[in-house]
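Assemble chain B onto chain A, guided by the hints.
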Amino acid sequence: MTRLPALLSRASRLGRPIGSPAGLALLAGAALATFAGHPYLSRSEAAALERGRRAAAFWAVLPVSPGRALAGIDAAFAGAGGGRPGPGLAEAVSAGIEALARTGPADLRAGRLGTVAAAALLTLLLALLGRAVAGRPGGLLAPALLWLAPRPLAAGLAAGPDGAAAALWLLVAWAYRRALLGGERAERMQAAALAGIAFGLALAVRSDALLLLAALALHAAGAAAFAWHPRTPPAAARSTGARLEARLHGVPAPVAAMLLIGLPVAFAASPWLWPAPASRILAALAPAPAAPWLAGPLAVLALATPGAILWSWAGGLALAAARAARAPVRRGRDAGAASDDALLTALALGGLASGALGLAPGSAGLGPVLPALPFLSLLAARGLVAAAHATVPAWPRHALAVLSLATLLPGSVAVSRARPLASAWSELAGGAPGAASLGLPRQDGGEGARGVLADVAARARPGAKVRFVGVAPEAVRAWAARGLLRADVEVVDDDAADLAVVAVDGGSRDAEYRARAALRADRPVAGVYVDEVPLAFVYARAGAWR
Amino acid sequence: MSRDPHTPGGERPRGRRPGLVGAAAREAVAEVADTTRTRLARARAAAGAAWRGRPPLARALALAFAVGTLGLGANGLAWPLLLARRLPRPLDWAAAAALLERDARPGDAVVVSPAWAERAREILPAIAPVLHRPRAAGDDLPGVRRVWLLSLRGMPGRRDAGSSHATRPGALPALRLGSLELGREDLADPLLPIAFLPDRVDSLSVSTGGADCERDRAAFLCPPPPAGVDAAVREGPAAAGPGAAPVRVERTLREVDGAPRACLSVEPGGPLGAPLVLDFPGLTVGRLLRGHAGLAGEAPRGEPPVVRVSVQIDGEEAGAAEVPLRGWAAFQVDTTRFAARGRDVSLVITSARPAGALCLDAVIVP
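For the protein sequence lines, the chains are A and B, in the order given. When we follow my numbering, the leftmost residue of the first sequence carries the number 1, and every step to the right adds one. When we follow my numbering, the leftmost residue of the second sequence carries the number 547, and every step to the right adds one.
Bound conformation, chain A alone:
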């Protein structure tokens, strides 16, 4: 017993590197990379992978044969189903990493490594900013509040632009904050340049990043009005940085960098803009057709996030918004905290507005509002820490531990129940049964059909022809390459099939009914269910199912 304190102290010392921002980033990256090989590939993820390969091929051809590459810009950056061109930098980088790391068609992990790298960067920045705004516990809580919820975790594991967009939004915020608060002028100018470059890349990943500029300009105006940041002394006016600052006529350096560096970087990294920049920018900024409110990203956010985490996000946001609103009254007092409150609130609301207004690309689930979630997590961490101190001033650490457990445990349970399916619904929606009753999507796009492959392998007659309905062809190829489909089973796409594996995602079921009619099968022979809600059925022609 006498050795226990010494042992605990030693364990604490050993665990300290893991609790550091870099340690957390490595841990998150390693954990996500471990799970990223799962075979649940949705239609939207398959489309992102395919789009990335086209964009990566464009960048590979550009230096060798610029004329040929430029002639094929529209095809290389076309949206899903040959839709209008759009940003594709994140997908292209992911495809580049996939090309380097690829070990065969069965390895879906290679295509997701780009997203995993973005998730690791996001974790690092969350830990750094969490420490900065909520102390050491904030550095641990902020990443946990983001990743211990099923939907954001699924976004961190699925190929697509949303994870990279979230990481770049946070990088811009981190660099902007450093540029305003950093010590030396050179250090601040470097941070401003980084904010500009990150903003440009964010625009090349998702065009709704323009809202970042609006949110940060608003914050900068507030900072100037309420004197949140110390003015730079004019003493060192001979340095290059000082001359540059003088030329900006009061415009904060990071905002100027976003305009002067970010926009050119965005243009250079967005070949889809090159043929007709003005018209394509306007087209990209046009809001998408309004979705039914229940299918919109804000409704998904409210109904898919575990209640305790959603409460902490909302509480943190309300606390920060209230503090920011009181800034004019408290002029000069707690200037740094007021600045952080206003910054995080503006960016969180900007990310949510992007999803609500339809400016974000039409990704599945939480994708459109994913850039807002890191800011909400930071605000939640700040709110929990503040609540622990205010509630039990004598034992704030104990109170924080209890509150953290109450917030994070349900999310952890939900993650373990949902993984690797991306489309979990929280207790607020009534889980999968409640969501099905409300007509909400049951999966992102056909990935649940993976669950019936064992039955098909066991019971399909030898040489059976199988048709997949509502499932990405890429997913079927990956399953076949992994051996999840029997070698003698032939995949077809017409009425000659003996079996139909049909994904049920809550949308139109016309294709399923036609496949049923072609097989003359009224009832399924197998199915995969989550809490009794069907995700996929197998229909079989008479004699094709043993």
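Hints are not guaranteed to be accurate.
What the hints assert, rightly or not - So the derived list for chain A, only partly shown, Cβ under 7 Å to chain B, looks like this:
no. : residue
1   : A387
2   : P410
3   : A521
4   : R523
Stated by the list, open to error - Residues of chain A placed beyond 10 Å of chain B at every Cβ, according to the derived structure:
no. : residue
5   : L218
6   : P275
7   : G451
8   : R461
9   : P462
By construction, these hints were calculated from the structure, which means they are not laboratory data. Glycine residues also receive a C-beta, built at the ideal position from the N, C-alpha and C atoms.
Using the frame of chain A, we list chain B on its own:
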């Protein structure tokens, strides 16, 4: 006669003296009022003390936030356990299947509530097909005499599982089978058709513009309408001309108005160059021909397209209906004067405006 002033009570005021009960009631009221006043005063004092000793606003908000966090955290942890308790177990499904295996008979159907609980389609015996929920809500149920109502107790989205059709006495009250509940209603006025026309596809022949459509296994391929048939043709995706896809007619299952419908589909939709004639030879004709038409897949926005369905019996028009294709639209033609065996029934379909894939069914009612 005056009252003697010396007798006891003689000087009391006039009027009835209150009795014992009245006095007791007055005492009780006074007691209650006194007690209430005292308690209100104490409560006011306590509230005042509590208000004076209230925590600062920031601490009160923090307390509320912490309590909310703890409450929602506990709820989030308990939720999976509660849900697992409410879900039916394999034994419950097996019991329902066994009961239906034993008691169901031809003409029975099952309605499941909530509608998403489609495991029933996989598990329950084939003798009692599972109807899609919207079909039971006021739709015709051709051939169905009894409806079994299977519901998952305590599940979100569970509604009153009644079939919304008039029923007659003798129904089976709901039985509890674990987390499932199974009851039965006997329809008072079941629709027992003489023929369901989409099922007569083996004897069907299809023609358009006087030319027979080619039979391709279970489907018919009709020539596409020639170019410039109608000004409206130019609007349609199935615009005619060289290379246009043939019109395909087949017996299939399509989604119309959110439910599966067994029907004869005409695809691609759009204006027909000439009326499409579906001939069903040798049918017994009753008093009515009832049918439905709708567009498969997503419903069109705006004004719905219209098709004209003419019913001809032995070459004579018995009636016609202009059917706006909104949802699963019903039509009906009186065929009483043609009621007899061995009649040739033709449905002549004309569409004046572009439309999606048309889904059409019809039954002959005795």
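Exercise. A/L218: least C-beta distance to chain B exceeds 10 Å?
Worked result: For A/L218, whose nearest Cβ neighbour in chain B is about 26 Å away, the distance exceeds 10 Å, so it holds.
Exercise. Would A/P275 pass as off the interface with chain B, using Cβ distances and a cut of 10 Å?
Worked result: 29 Å, holds
Exercise. Should the interface hint for A/P410 be scored as holding, given a Cβ-Cβ cut-off of 7 Å against chain B?
Worked result: 3 Å, holds
Exercise. Just checking, A/G451 versus chain B, shortest CB gap more than 10 Å?
Worked result: The claim stands: A/G451 keeps its Cβ more than 10 Å from every Cβ of chain B (closest is about 14 Å).
Exercise. For A/R461, is the shortest beta carbon distance to chain B beyond 10 Å?
Worked result: At roughly 19 Å from the nearest Cβ of chain B, A/R461 sits farther out than 10 Å, so the non-interface label holds.
Exercise. Given A/R523 was flagged as interface, is its beta-carbon under 7 Å from a beta-carbon of chain B?
Worked result: Given a least distance of 5 Å, the restraint on A/R523 holds.
Problem set entry | Cut-off 7 Å, beta-carbon criterion: hint that A/A387 touches chain B | 4 Å, holds
Exercise. A/P462: least C-beta distance to chain B exceeds 10 Å?
Worked result: 23 Å, holds
Problem set entry | chain B contact restraint on A/A521 - CB to CB distance below 7 Å | 10 Å, violated
Checked against the numbered hints above, the structure violates only hint 3.
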